[in-house]
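Now for the letters of each chain:
Protein chains: 2
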Amino acid sequence: MRASRFLFATLRETPNDAEVISHQLMLRAGMIRKLASGLYTWLPMGVRVLNKVEAIIREEMNASGALEVFMPVTQPASLWQESGRYVQYGPELLRIQDRHKNPFVLGPTHEEVITDLARNELKSYKQLPLNFYQIQTKFRDEIRPRFGVMRSREFVMKDAYSFHNDQASLQVTYDLMYQTYSNIFTRLGLDFRPVQADTGSIGGSGSHEFHVLANSGEDDVVFSTESDFAANVEKAEAILVGERAEPTQVLQVIDTPNTKTIEALCELLNIDAKQTLKAVLVQGTVLEEQADEHGNSPLVAVFLRGDHELNEIKAENHPLIASPLTFATEEQLKSVGLPAGSVGPQGLVEKGVTVLVDRAASVLSDFVTGANIADQHVQGANWERDATYSEVADLRNVVDGDPSPDGKGILQIRRGIEVGHIFQLGQKYSEALGCKVLGEDGKPQTVTMGCYGIGVTRVVAAAIEQNHDEKGIIWPKALAPFDIAIVPMNAHKSPRTVEAAESLYQELQALGFDVLLDDRNERPGVKFSDLELTGIPHRIVIGEKGLDAGTFEYKGRRDSESQDLSKEALLTLLKA
Amino acid sequence: MRASRFLFATLRETPNDAEVISHQLMLRAGMIRKLASGLYTWLPMGVRVLNKVEAIIREEMNASGALEVFMPVTQPASLWQESGRYVQYGPELLRIQDRHKNPFVLGPTHEEVITDLARNELKSYKQLPLNFYQIQTKFRDEIRPRFGVMRSREFVMKDAYSFHNDQASLQVTYDLMYQTYSNIFTRLGLDFRPVQADTGSIGGSGSHEFHVLANSGEDDVVFSTESDFAANVEKAEAILVGERAEPTQVLQVIDTPNTKTIEALCELLNIDAKQTLKAVLVQGTVLEEQADEHGNSPLVAVFLRGDHELNEIKAENHPLIASPLTFATEEQLKSVGLPAGSVGPQGLVEKGVTVLVDRAASVLSDFVTGANIADQHVQGANWERDATYSEVADLRNVVDGDPSPDGKGILQIRRGIEVGHIFQLGQKYSEALGCKVLGEDGKPQTVTMGCYGIGVTRVVAAAIEQNHDEKGIIWPKALAPFDIAIVPMNAHKSPRTVEAAESLYQELQALGFDVLLDDRNERPGVKFSDLELTGIPHRIVIGEKGLDAGTFEYKGRRDSESQDLSKEALLTLLKA
Chain A
515 MRASRFLFAT
525 LRETPNDAEV
535 ISHQLMLRAG
545 MIRKLASGLY
555 TWLPMGVRVL
565 NKVEAIIREE
575 MNASGALEVF
585 MPVTQPASLW
595 QESGRYVQYG
605 PELLRIQDRH
615 KNPFVLGPTH
625 EEVITDLARN
635 ELKSYKQLPL
645 NFYQIQTKFR
655 DEIRPRFGVM
665 RSREFVMKDA
675 YSFHNDQASL
685 QVTYDLMYQT
695 YSNIFTRLGL
705 DFRPVQADTG
715 SIGGSGSHEF
725 HVLANSGEDD
735 VVFSTESDFA
745 ANVEKAEAIL
755 VGERAEPTQV
765 LQVIDTPNTK
775 TIEALCELLN
785 IDAKQTLKAV
795 LVQGTVLEEQ
805 ADEHGNSPLV
815 AVFLRGDHEL
825 NEIKAENHPL
835 IASPLTFATE
845 EQLKSVGLPA
855 GSVGPQGLVE
865 KGVTVLVDRA
875 ASVLSDFVTG
885 ANIADQHVQG
895 ANWERDATYS
905 EVADLRNVVD
915 GDPSPDGKGI
925 LQIRRGIEVG
935 HIFQLGQKYS
945 EALGCKVLGE
955 DGKPQTVTMG
965 CYGIGVTRVV
975 AAAIEQNHDE
985 KGIIWPKALA
995 PFDIAIVPMN
1005 AHKSPRTVEA
1015 AESLYQELQA
1025 LGFDVLLDDR
1035 NERPGVKFSD
1045 LELTGIPHRI
1055 VIGEKGLDAG
1065 TFEYKGRRDS
1075 ESQDLSKEAL
1085 LTLLKA
Chain B
515 MRASRFLFAT
525 LRETPNDAEV
535 ISHQLMLRAG
545 MIRKLASGLY
555 TWLPMGVRVL
565 NKVEAIIREE
575 MNASGALEVF
585 MPVTQPASLW
595 QESGRYVQYG
605 PELLRIQDRH
615 KNPFVLGPTH
625 EEVITDLARN
635 ELKSYKQLPL
645 NFYQIQTKFR
655 DEIRPRFGVM
665 RSREFVMKDA
675 YSFHNDQASL
685 QVTYDLMYQT
695 YSNIFTRLGL
705 DFRPVQADTG
715 SIGGSGSHEF
725 HVLANSGEDD
735 VVFSTESDFA
745 ANVEKAEAIL
755 VGERAEPTQV
765 LQVIDTPNTK
775 TIEALCELLN
785 IDAKQTLKAV
795 LVQGTVLEEQ
805 ADEHGNSPLV
815 AVFLRGDHEL
825 NEIKAENHPL
835 IASPLTFATE
845 EQLKSVGLPA
855 GSVGPQGLVE
865 KGVTVLVDRA
875 ASVLSDFVTG
885 ANIADQHVQG
895 ANWERDATYS
905 EVADLRNVVD
915 GDPSPDGKGI
925 LQIRRGIEVG
935 HIFQLGQKYS
945 EALGCKVLGE
955 DGKPQTVTMG
965 CYGIGVTRVV
975 AAAIEQNHDE
985 KGIIWPKALA
995 PFDIAIVPMN
1005 AHKSPRTVEA
1015 AESLYQELQA
1025 LGFDVLLDDR
1035 NERPGVKFSD
1045 LELTGIPHRI
1055 VIGEKGLDAG
1065 TFEYKGRRDS
1075 ESQDLSKEAL
1085 LTLLKA
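Protein sequences appear in the order of chains A and B.
Offset between the first sequence (1-based) and my numbering: plus 514.
Offset between the second sequence (1-based) and my numbering: plus 514.
Which copy? The list can't say, so a pair holds if one copy fits it or any two copies do.
Straight-line C-alpha distance at most 27 Å; calculated DSSO-like pairs for lysine-lysine:
hint, residue 1, residue 2
1, K1069, K1059
2, K942, K640
3, K640, K548
4, K848, K865
5, K942, K548
6, K1081, K1069
7, K637, K1007
8, K615, K548
9, K985, K548
Keep in mind that the hints were calculated from the coordinates and are not lab data.
With these hints in hand, go ahead and build the complete structure from the sequences.
Rendered as structure tokens:
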């Protein structure tokens, strides 16, 4: 490609409305432009990358035996009514009407459509397993689209749906998809982690998210230093370590005026947060016999070590805590005489409050906690002697340095961007839509399903979040819009430079490289900045001096200095 | 691909609601399934074909220097308001609202979005020409979607938009696109014709449609036997041939009871329709001084030779005829005393009716026409002597055998399916949206545009309309979902056959062929029917007998008989 015939839409300034680095760099490198909130046009520089991502995904999905299909963006509302998601999905599902006032939706995902297809087309257990995929435009009406194509309303997704006679067959395909996703992200040249994920309200028995590691990631992912354990922070179990020591101090009430946070408390008393116990008060599950005359739900006090955070998913999944998780009101606290900011476990169970203690908090002794009197705390508190509890449970987020739940190594936490998700759906959709095949026994049996998604457009943004420096994007080899850029110096007054550049351009293209010949009428500095900004891996400068010496000035995108190479050395390096 | 792991969704019966052969065969071959009116899911068999069409289009567009972009399906209504098409486009433009009640449309085409992009990104005449294309999902809310993917609501289109400093530059790109389209349809293996097309109300100076020839086509395309003249029938000029002979008969009124059609008239009088003159009565252009007190438009009588058809586009474009074309009401006929079915030109001009005569009708003499009295006609009528007219014009459709308007050869008419359209837009959109670049003189100048579309999904249907027989589809080589099918006979009791089939399967795949190994547990007859229905070009049957003799049973999709070939001969044939 000749740069003069290409749309080189680079920007010098960082656009105001771009918060994250990938969004900034995609705009600045001329990869995307905003059409409207959450809607982006991909410019030629962006499409070249997007097409490379799609090609790798398609190749690996085909290699896995998945069959490509292509479903409409527009879907009849009736299918969503059948699955129950027409209401459930909420306002992210854009509901529309055609000219005849028939209701449709813009598809945010395709479980309903593929299950409808399967119930019509699949007749016998002999046809299964089958795994269908597509690479296709989706629409989710995000309330606040942001971060460019990272969280846009229209986006490209690779979604796949598999159909099985039983759970064992699903597990085989699930494992194959796990491997296929690992192959895809490896070929894309990304540092990623597959992590166990919460299956949430969708149910089903297994789920992994694939995260691209990047400091700017929205999610915390957790993995072991010594084993292949890896999980979403929501899902990682915090195991019990150590035993509770015997009390050595007496319980003592201390004045702690204006001390509403653990941080303030530690500073005041000059202690470590690990020696404190904090309370989070939430609504409990409403059991009929427990509801008071106002129908209020019972109060649950969750106690955590001061340096730990409540894991809301774990809390929500606890049978005694209401789901969705709802914090207690001040009124509720008052009704049992508890002052916000100074709650301790002493006497709570006796007041009818359910006391749940996180594992790590349950082995504290001689701890500092609230005195249940405003502006007062207690020190030297000990379980059993001073306070009792209803139950010990895993209720906190794991932290760096926690032991891995598989007993091997310790946990590390990194930020990740979710780019893929594989999920054992079980029979949720096949039951709702009545998708059955004749079993070996001649009787109709409901099929078992899995689903597997990759955010194709998001992968591009995630790759940039992971690979950039202050000058711009640093593309992994497989994703670069061009492999090599050739810059002829002083082209307007050196025909020999132009000739040499042209000849190298032809030669490298013939070797199968995507080459950009930067023949723009711009200063070298502008070209160099643009090439660094757009992240092209290899830059070759051709000038009179080098031609005299028989060398080319080569600089890799990550290199700090250029080097003069003979043509042979240059070709060896590029082919490597 | 192993057929047992593929979705072979063939149907024995022709579905009731499929009117045209391509729709029937795409359903029967398991290529598509209907999701809702005008919405189709492409099954694996269909996607394989669709991907091949897309790949060829992408390669040729890239080779032409066009730059690939990717624009959203969802477009802000504001852009359509700017261009004026938000109202103009009519109900095929699906107008929707997002969750914040902001108005959007589902894009039926992308002139507005690309022009908006261009006005923001293009700064200088030096950047032009540029040609952007995408392969993308479109939505047109057809009032009566039909013929499967031939006229569906959601469809895939390759649309391209070029930007230029002047008409000369547009012409260069237009010619390049003409050539590119010719390359694409040639590579797809289709018998097609590029034809001149009417530019209609969009204006602009040039337009060609690309038609795939097929008897079932919706359009008539016209081309010369001796030159490269080719046009849409709406556009082809019918030139004047011959001169009017002197009258030889006297004008005579004859009784023609119940004779309302030319056919009936010819039968009654035992004459040729070429000797008759028929009238079509339409509304004229309303000029203020002509409108009567009721605001009625003037009456225009168009006279054509009895065997010719009115060309409505030509009529509409005539300055004296109202646009859109509107037929006269019976009341209007009565008001000037004309009986429907027996109108002749005698005395009409004198009554204030505008009389337009088609060129061919203007050279008739001694003709039969209406007597302007119910159930009566006249014979031996002659222009000038018996009737006068306002104007002679080209108002009819050309017919087979007419002389070519370029003076070379005669015209042939064939049915065609429009699969591509190239169009010189001029400044329609760039003016409406204010898309300007700085010219060589430093002043802003409005850019000139072209647009170029291919109906990607429609191409697949058109290919089938052109290439099929009573057994099913006959794919052109470039489009076949699989190049070769291998059928092992009696696989369940012949391990040697299975082995040979497997080995040939591997070998042919290694040679780069798309091979289907039909390992399904079905009778040979079922497999053979399926392979013929799905149109796979080459079939190789492997059985014990052939293995003994060292031959393979080969049958091409168009062959009536199979032949036994040595492996060498087989490979030579397949590679040819």
